[in-house]
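2 protein chains.
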Amino acid sequence: MKNSTGQQPLVTSISVVAEPPSLQDNTADIDRLRIAVRNKLPPALEGRPVVVPFTAMAGLSRRFRKAGFVGNALVNVLPHELQLVDFQQDISDNIPAMALDLGTTHLEATLVDLTTGEIMAHTHAPNGQMRYGADILSRIHYAEGHDEGTKGLVRLQQAVVTTINEMVADLAIQAGIEADAIRALSVSGNTTMVHLLLGLSPHHICREPYTPLVGSPDPFSAGEIGVGINTLASVWILPSIGSYFGGDLISGILASGLDRMEKTSMLIDVGTNAEVVLGNRDWLIACAGAAGPALEGGVAKMGMRAGPGAIEHVLLDRKSWRLQVKTINDQPAVGICGSGLIELVAQLFLAGIVDIRGKLCRDTVAGSEKRRAFIRERLIEGEEGLSFMVTPAKESGHGKPVLLAQVDLDAMMRSKAAMYAILTTLTSQVGVEFSDLDHIYVAGAFGKHIDPVAAITLGMLPDLPLSTYIPVGNSSLHGAERILLSEEARRLSLEIGRKITYIELNVNQEFMLRFSGSRFIPHTDPALFPSVPVVRTEDFP
Amino acid sequence: MKNSTGQQPLVTSISVVAEPPSLQDNTADIDRLRIAVRNKLPPALEGRPVVVPFTAMAGLSRRFRKAGFVGNALVNVLPHELQLVDFQQDISDNIPAMALDLGTTHLEATLVDLTTGEIMAHTHAPNGQMRYGADILSRIHYAEGHDEGTKGLVRLQQAVVTTINEMVADLAIQAGIEADAIRALSVSGNTTMVHLLLGLSPHHICREPYTPLVGSPDPFSAGEIGVGINTLASVWILPSIGSYFGGDLISGILASGLDRMEKTSMLIDVGTNAEVVLGNRDWLIACAGAAGPALEGGVAKMGMRAGPGAIEHVLLDRKSWRLQVKTINDQPAVGICGSGLIELVAQLFLAGIVDIRGKLCRDTVAGSEKRRAFIRERLIEGEEGLSFMVTPAKESGHGKPVLLAQVDLDAMMRSKAAMYAILTTLTSQVGVEFSDLDHIYVAGAFGKHIDPVAAITLGMLPDLPLSTYIPVGNSSLHGAERILLSEEARRLSLEIGRKITYIELNVNQEFMLRFSGSRFIPHTDPALFPSVPVVRTEDFP
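Protein sequences appear in the order of chains Y and S. FYI, in this note's numbering the residues of the first sequence are 1 to 541. FYI, in this note's numbering the residues of the second sequence are 1 to 541.
Mixed in with the good hints there might be a few duds.
The list treats identical chains as interchangeable, and a pair is accepted whether it falls inside one copy or across any two copies.
Unchecked claim - Think about it this way: if two alpha-carbon atoms lie no more than 25 angstroms apart in a straight line, the pair counts; the simulated DSS-like pairs of lysine-lysine are:
1. Lys-400 x Lys-326
2. Lys-151 x Lys-66
3. Lys-40 x Lys-499
4. Lys-319 x Lys-359
5. Lys-448 x Lys-263
6. Lys-326 x Lys-394
7. Lys-370 x Lys-359
No lab work stands behind these hints: they were computed from the structure.
The task is simple: from the sequences and hints, build the whole structure.
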């Protein structure tokens with residue numbers, strides 16, 4: 001049975017009407033079922049071997065008999081074989097499967113009905129590995145040691161499986177099903193997170209020449225890694241290309257459709273790393289770099305993930321010198337998330353309070369008295385230098401002021417410089433101009449919440465018409481959903497891996513040069529950003 | 001690498017020289033190895049997908065790196081895929097694999113070097129399930145119950161795995177290797193024994209319409225059933241066709257080559273059942289029936305398996321009336337095995353002491369005084385009727401006389417009648433005369449030790465030139481060895497299963513009629529046995 005989208009999902013149900021055993025035909029149960037399934041395969045699956053996993057046999061036979069040899073066989077549709085895994089007497093309304101975005105800090109998942117493609121439930125959770133290390137490098141380090149006699153790698157594997165199993169339980173409750181009824185799992189994550197989920201050593205990932213242990217693992221069963229869905233559910237890991245180019249980006253390419261477009265476009269995914277792909281249906285080139293932390297809640301003092309009380313939008317009226325902030329859920333401010341940070345710094349730059357070097361400047365000479373009063377009130381000299389007070393203590397959600405310190409600003413400047421350097425390095429590799437790009441797809445929370453005008457003002461994203469920028473949401477998760485639903489997507493996910501050219505930025509000289517040039521607002525070459533005004537403090541009212 | 005016999009063994013080693021990872025090529029370890037193996041496949045394996053089992057990845061990567069990316073990849077050669085399971089730095093001299101004849105009462109195994117086809121070690125052991133039931137039916141019964149809280153099926157599975165693991169240890173010690181170095185296992189056994197080994201319920205095997213749970217299981221890993229060879233060793237179960245036609249006979253067909261012969265021949269395997277196949281390269285027909293127990297040590301009073309002290313040959317000089325017996329290892333007699341029993345009854349028949357109905361007869365009137373004295377001395381009237389004393393108490397190994405009781409004789413008569421009825425039913429199904437047969441291959445201890453003249457005298461085997469009969473030894477074990485060594489044999493084992501026509505004798509009317517006609521010595525129609533003399537007691541000296 002194809003699903004209603006006309007594609008071949010990762011698990012399919014084959015309607016079977018077999019003759020009961022008789023003295024004339026006492027073919028064994030499993031062989032009888034296998035023959036019946038083989039005779040009912042849709043054209044797209046014909047000729048693919050039908051195998052029965054060892055652990056499926058007893059249950060299959062029992063349920064096939066109990067159903068009177070009539071019902072639905074559940075089949076895992078793998079590239080080289082069809083795995084006959086279960087038999088259902090009743091025609092089930094749906095075949096639930098789980099799509100998982102396996103993030104370093106956060107996991108997000110949906111439950112997808114493979115018969116219709118509909119989303120049955122949605123959940124998310126912080127990665128249970130966080131307590132063992134906030135970022136990839138500290139996790140790799142932890143994996144290599146021992147903690148109270150247990151290998152770090154084992155603890156990390158258990159931690160993330162525990163998180164996933166909590167999400168499984170949540171999805172099952174939302175959908176009103178047993179966890180055992182979830183028949184497949186697709187996983188989209190960066191290379192290190194995939195290694196830790198599989199219990200494989202990430203040792204060589206962060207060491208030159210940055211070689212993963214596995215890029216394209218074959219499908220295996222959920223039971224083999226302790227994920228508490230159906231034990232014979234097939235787990236499909238989106239392939240990674242390099243240590244810093246994971247399945248999450250392959251997933252993003254699938255979700256955006258970059259690999260099937262005639263015109264050249266770009267995909268930007270800012271998670272723990274900034275990962276960027278450029279190309280079209282004929283070619284794909286990609287690179288990744290550490291541009292993310294400052295944009296993903298990793299800022300030292302007041303950064304936070306998008307959550308209640310996080311400042312997500314900032315507007316500074318440069319006539320009245322009033323600062324307006326919008327927080328998530330309109331709760332009192334407790335911090336600032338990536339999109340809020342970019343808007344804040346862009347606003348401060350346009351107000352002459354952050355200079356072209358990205359430094360807070362206490363210039364209380366130029367402009368109107370209102371401006372000078374604003375600066376006197378908001379710029380605070382502390383032990384660690386200047387800070388900008390975004391929200392005073394009496395208005396905040398935690399009784400402390402929400403501050404933008406110079407160290408935070410420095411981190412953001414590095415991130416924005418890295419981002420632009422990544423984009424220019426990538427385009428220059430293939431001789432493409434930014435103006436040649438049809439679209440720039442921006443994934444993740446970054447893509448969803450960011451104001452492209454602010455990002456352009458800072459010189460983080462190229463100065464292109466705003467219609468060029470298209471937010472694509474959690475493309476890692478959407479790609480994982482497509483993997484569950486379409487054999488074509490599964491085939492493409494492997495093909496993309498083979499087709500893509502990956503540039504290792506860690507050792508790229510050009511990137512380093514471009515990075516230096518990008519450490520100004522908007523850039524050492526302002527001609528690259530014609531839409532960004534030149535700020536003259538003396539002009540301010 | 002093909003083995004030296006020019007065939008494709010179940011495990012093969014592929015010599016690999018891969019480039020170490022570099023910044024120019026940081027392909028992941030497993031993917032690198034997979035590509036290297038794919039590029040070195042012999043023509044016969046080209047194009048078959050190369051998969052890496054989940055549990056193999058960590059070890060494979062570690063050993064591939066440790067070996068400096070140069071060495072030998074071990075590959076399980078399965079019908080639809082090649083499983084990349086291990087990597088060895090040193091070119092190993094051999095690839096040991098285990099062939100197992102899984103008998104109801106007895107297990108026999110060899111260790112085969114897959115690179116040369118040579119036998120490295122040989123062992124055998126009684127089936128550890130014996131304590132839970134001597135025959136198939138009692139095991140099936142036991143499997144369905146509980147014993148001290150544990151399911152009978154579980155106990156039986158554990159019992160036979162324990163026996164196999166003791167044999168594994170023995171083989172490894174003999175060959176001077178670690179058990180972990182044994183890389184494959186082929187199993188040839190009857191349908192019930194295979195079910196019990198796999199932990200699958202044999203419930204329906206003995207109940208009309210006699211349907212096994214599985215006939216042709218897909219290969220799985222040794223670790224899945226707890227057999228203590230390499231955990232990723234592939235286990236190949238010879239397929240069975242029906243509940244009473246097991247993989248042991250498919251194995252016998254493979255070993256004898258019946259399925260590849262131009263002329264029609266027959267294969268007889270007497271184990272717990274008598275299993276018979278008739279055919280040639282164009283067609284195969286088979287049946288099985290309970291002809292065995294009396295011939296395999298199942299006789300009530302004095303039957304025993306071939307072992308030290310078992311009477312295996314009997315000669316009664318009908319002039320001197322002296323009875324000579326030959327025991328195994330020339331030890332004092334403690335019982336009589338199948339071949340001895342057949343010779344004894346044939347001799348007694350020719351001496352007029354067993355009549356055409358298979359009854360001991362105390363005719364002390366006819367013949368010479370010596371004959372009459374012999375009968376008086378040897379025929380003993382007991383509570384349960386007449387017995388023939390084969391060995392007096394003072395000459396036996398256990399201080400008791402070795403007796404052939406009438407009940408033993410009755411059992412043997414049923415077995416011999418069943419055997420001949422099976423053979424005639426089978427030939428009549430396809431209109432073949434016994435005289436059309438090129439050869440009759442006789443497998444097992446029965447084939448090895450039996451005197452065809454005696455069997456013909458009793459009307460157990462057809463009256464054909466003695467050169468027709470060819471003993472083929474433990475063909476079940478030899479077939480299992482061929483499975484390990486040759487992909488053609490593995491392909492044929494599945495093809496034979498599909499090609500063979502199986503006749504269920506339990507419900508065959510013709511068989512029942514022929515069985516009745518065969519309950520005389522040699523037969524109700526003596527013209528079928530021209531070489532067997534008519535016994536006239538009055539002619540004896």
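How the hints compare with the structure:
no.	hint	verdict
1	Lys-400 x Lys-326	within (18 angstroms within a copy, 104 angstroms between copies)
2	Lys-151 x Lys-66	between (45 angstroms within a copy, 21 angstroms between copies)
3	Lys-40 x Lys-499	between (35 angstroms within a copy, 22 angstroms between copies)
4	Lys-319 x Lys-359	within (22 angstroms within a copy, 125 angstroms between copies)
5	Lys-448 x Lys-263	within (23 angstroms within a copy, 78 angstroms between copies)
6	Lys-326 x Lys-394	within (17 angstroms within a copy, 110 angstroms between copies)
7	Lys-370 x Lys-359	within (21 angstroms within a copy, 128 angstroms between copies)
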